[in-house]
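A.B. asks: Protein chains in written order, with my numbering: chain A, 1 to 81; chain B, 1 to 683.
Just so you know, these hints were derived from the structure itself, not from any lab. Built from N, CA and C at the ideal position, the CB exists for glycine as well. Keep in mind that a hint or two might mislead.
As the list claims (entries may be wrong) - List of simulated lysine to aspartate or glutamate pairs, DMTMM-like, C-alpha gap at most 25 Å:
(1) B/LYS491 to A/GLU12
(2) A/LYS63 to B/GLU163
(3) B/LYS239 to B/GLU270
(4) B/LYS185 to A/GLU12
(5) A/LYS11 to B/GLU249
(6) B/LYS435 to A/GLU12
(7) B/LYS185 to B/GLU131
To be verified - Pair ranges (Cβ atoms, derived):
(8) A/GLU17 to B/LEU663: 33 to 41 Å
(9) A/GLY5 to B/GLY681: 28 to 36 Å
(10) B/ALA496 to A/LYS30: 32 to 40 Å
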Amino acid sequence: MLHPGVAATVKEVYGGERALYRLTELGLVKGAVLSLLQNMPGGSLIVSLKGSRIAIGRGLAMKVAVEVQEAGDSAYRKAAL
Amino acid sequence: MAKENPAKEEKMFTIALAGNPNAGKTSIFNHLTGSKQHVGNWPGVTVEIKEGSLFHQGRRLKVVDLPGTYSLGAYSEDEVIARNFIVMEHPDLVINVVDLTNLERNLYLTLQLLELGLPVVLALNMYDQAENHGIKVDLAKLSGMLELPVIPTVATRGEGSRELIEAAVSIRLPKTGSFKVDYGKEVEHALVVLDQFLARQAVPAWSPGNRWLALKLLAKDEAVWQAVRHMPAGSALLKEVDDLRGRLERKLNDDVETVITDRRYRLIQEIAALCITRKTENGEPVSLSDRIDAVVTNRFLGLPLFLLAMWAVFQFSFTLADPFIGFIEGSFTRLGEVVAVLLAGVNAPAVLIALVVDGVIAGVGSVLVFVPNIFLLFLAISLLEDSGYMARAAFIMDRFMHGIGLHGRSFIPMLLGFGCNVPAIMATRTLDNKKDRFLTILINPLMSCSARLPIYVLFVGAFFSASRGLIIASLYLLGFILAIVVGRLFKTFLFAGDTSPFLMELPPYRLPTVKSLFIHMWDRGSGFLRRAATVIITASIVIWALANLPWGVEFASAESLLGRIGTVFAPLLSLAGFGRWEAAAALIFGLLAKEVVVSTLAVIYGAAETGLTEVIAAAWTPLSAYAFMVMTLIYIPCVATIAAIRKETNSWGWTGFAVGYSLLLGWLMAILVFQLGRLLGFS
Numbered sequence: 001m002l003h004p005g006v007a008a009t010v011k012e013v014y015g016g017e018r019a020l021y022r023l024t025e026l027g028l029v030k031g032a033v034l035s036l037l038q039n040m041p042g043g044s045l046i047v048s049l050k051g052s053r054i055a056i057g058r059g060l061a062m063k064v065a066v067e068v069q070e071a072g073d074s075a076y077r078k079a080a081l
Numbered sequence: 001m002a003k004e005n006p007a008k009e010e011k012m013f014t015i016a017l018a019g020n021p022n023a024g025k026t027s028i029f030n031h032l033t034g035s036k037q038h039v040g041n042w043p044g045v046t047v048e049i050k051e052g053s054l055f056h057q058g059r060r061l062k063v064v065d066l067p068g069t070y071s072l073g074a075y076s077e078d079e080v081i082a083r084n085f086i087v088m089e090h091p092d093l094v095i096n097v098v099d100l101t102n103l104e105r106n107l108y109l110t111l112q113l114l115e116l117g118l119p120v121v122l123a124l125n126m127y128d129q130a131e132n133h134g135i136k137v138d139l140a141k142l143s144g145m146l147e148l149p150v151i152p153t154v155a156t157r158g159e160g161s162r163e164l165i166e167a168a169v170s171i172r173l174p175k176t177g178s179f180k181v182d183y184g185k186e187v188e189h190a191l192v193v194l195d196q197f198l199a200r201q202a203v204p205a206w207s208p209g210n211r212w213l214a215l216k217l218l219a220k221d222e223a224v225w226q227a228v229r230h231m232p233a234g235s236a237l238l239k240e241v242d243d244l245r246g247r248l249e250r251k252l253n254d255d256v257e258t259v260i261t262d263r264r265y266r267l268i269q270e271i272a273a274l275c276i277t278r279k280t281e282n283g284e285p286v287s288l289s290d291r292i293d294a295v296v297t298n299r300f301l302g303l304p305l306f307l308l309a310m311w312a313v314f315q316f317s318f319t320l321a322d323p324f325i326g327f328i329e330g331s332f333t334r335l336g337e338v339v340a341v342l343l344a345g346v347n348a349p350a351v352l353i354a355l356v357v358d359g360v361i362a363g364v365g366s367v368l369v370f371v372p373n374i375f376l377l378f379l380a381i382s383l384l385e386d387s388g389y390m391a392r393a394a395f396i397m398d399r400f401m402h403g404i405g406l407h408g409r410s411f412i413p414m415l416l417g418f419g420c421n422v423p424a425i426m427a428t429r430t431l432d433n434k435k436d437r438f439l440t441i442l443i444n445p446l447m448s449c450s451a452r453l454p455i456y457v458l459f460v461g462a463f464f465s466a467s468r469g470l471i472i473a474s475l476y477l478l479g480f481i482l483a484i485v486v487g488r489l490f491k492t493f494l495f496a497g498d499t500s501p502f503l504m505e506l507p508p509y510r511l512p513t514v515k516s517l518f519i520h521m522w523d524r525g526s527g528f529l530r531r532a533a534t535v536i537i538t539a540s541i542v543i544w545a546l547a548n549l550p551w552g553v554e555f556a557s558a559e560s561l562l563g564r565i566g567t568v569f570a571p572l573l574s575l576a577g578f579g580r581w582e583a584a585a586a587l588i589f590g591l592l593a594k595e596v597v598v599s600t601l602a603v604i605y606g607a608a609e610t611g612l613t614e615v616i617a618a619a620w621t622p623l624s625a626y627a628f629m630v631m632t633l634i635y636i637p638c639v640a641t642i643a644a645i646r647k648e649t650n651s652w653g654w655t656g657f658a659v660g661y662s663l664l665l666g667w668l669m670a671i672l673v674f675q676l677g678r679l680l681g682f683s
């Protein structure tokens, strides 16, 4: 899981046809840059994406693979959103 | 298209407003049409879409407000409505309202509108906010790249509305399908193949063009596949499409859908790169909206703040309405007296005077007393919606909604149900999943709508004036808890399956304008007044007549027709503590609209000299009153709600189920409350 405030790039989106369609229309596609704003314990998350705020359920968030560039480090860390 | 139909040729110049939710579409609609708007009934669409009209240089233009959508697929009912309207009704023009602060995502819909081949005018909304964010746009370049007129607007202040209409009426019709997204060599080749195939077929008359049809076929759009299946050579075509898709996916090593959306976003990126400059390149500034969200959606504060907001909503509508209630009540009593004197003055027969005074004025008056309560409640709900808080409530409640196998989005119709179940049930159209949608519809009537409020206020006034807030809150809470329990049961036994994913945009907080709040409140609340003028007047007259018949019987006695009808059903209710014919009669007529329960009781008890509250306080007991309120909360959705359930589920079976389960549940709950109360020593 991402830490709040950390920016990451979407690497891959798994999930059903419908979920993919919804993520796409909101601009959450491969290559999009997002950052985590809120994380409700046991609930959903809020991400910031291209100027909009998107609430995303925990289950769906687990299917979004992101890559974080760690500060001061050239290595990338892979994580689920 | 359909030019052979003369009626179509005469049709008014029609402008459709399309755009993402929260892009400001409704504000623009309100500014364009002012108060001249109503719910239109479009034959091809079978659902209600708001429309309005305006005059421009002596010409009347029709403006249609389509549901807000992010794209024109065919997953949720909203999208189907928007797309079908554009495809089937072919408006003369589409005004696409986009949020300039989030242009890339908004253009995703724009591309799909352009692909439909209709003339589109782009309203670049929130132009002022974009400027504040340091976003600059090259209007000429954007207009050139998209091949459409581009008008900057600030919808909240009505800026740009005139320019929009001028651009709309002076637009030159482009060659259909002149705008093309380049989908890459492989997909383009497949499109050409399909195009040639389609050129030899009798394609459906509504088709906006073969390229569009081919693209939708390749992307496996369900609705288009269905339509094509019915074409003469449909199955052969679909087989061809399947082959093509298979070959394409092997070649591209990806699904066709992904490639198509990828190409669209690539084009959008290109457009954005050339037309938009952002001053603050490294990270956007933290907005006020984000700062509010840091508190309101906080992991610890979110829920308590939500509960506080709900408390405030009810407190607001009750406390502020209180002073008006006595005033309206008094006015109707005086009106009754004055009318009685006036009618007597013109020698009207006593029967007519009784009908008007004891029937109509007493019946309608007893309900209209609650107009302030109901309008203030709708005002508060409009404020929650228009400020952007509703989406946060959905986010916060997502976790709890998972408990019944739904997600946060389903919470919005539930909250709207506190106002009226009819728009709440229509609001389920934004849900993708049919099972989710049906479940959300079925439990919605358990949310205590504002029409049930008059019943509570009447009985609470008679018995529980010391703890009225607590008693009324307990009923709202009971409805909500039952919705959760029943929802869980239905999910397990009727709609088993995985919970669908939760995903929704949280619009930035906005301070709604007073005008838009009032339009919204009026939209929702005026139904209550309309019902008072139609259903409740009629019901009051019928009930008064039934209370007088057969001729010569004592008014509203057990021997009257009304009394006899009530007496038949009363024994069923005796276990619940209100086995009296008055209660049975009120419940039967309450089916028309829940507030008719009050007007029926007002007519029945109206002959007494004291007020309705006093009569009830003398004739009922506190426990039976509470059990009766529980019954009216649950027992059956009103006819308007039943009609909404029927329309939205398109099934008499589910409609019957909703009626049946609520009747049974209401009856059982009323009995449970009464018997348990008795055991605990209440009376």
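A.B. asks: Does each hint fit the structure? Answer for all of them.
C.D. replies: Results for each hint:
no., hint, verdict
1, B/LYS491 to A/GLU12, "32 Å, violated"
2, A/LYS63 to B/GLU163, "45 Å, violated"
3, B/LYS239 to B/GLU270, "35 Å, violated"
4, B/LYS185 to A/GLU12, "24 Å, holds"
5, A/LYS11 to B/GLU249, "20 Å, holds"
6, B/LYS435 to A/GLU12, "28 Å, violated"
7, B/LYS185 to B/GLU131, "39 Å, violated"
8, A/GLU17 to B/LEU663: 33 to 41 Å, "40 Å, holds"
9, A/GLY5 to B/GLY681: 28 to 36 Å, "58 Å, violated"
10, B/ALA496 to A/LYS30: 32 to 40 Å, "33 Å, holds"
Against the hints set out earlier in the document, violations occur for numbers 1, 2, 3, 6, 7 and 9.
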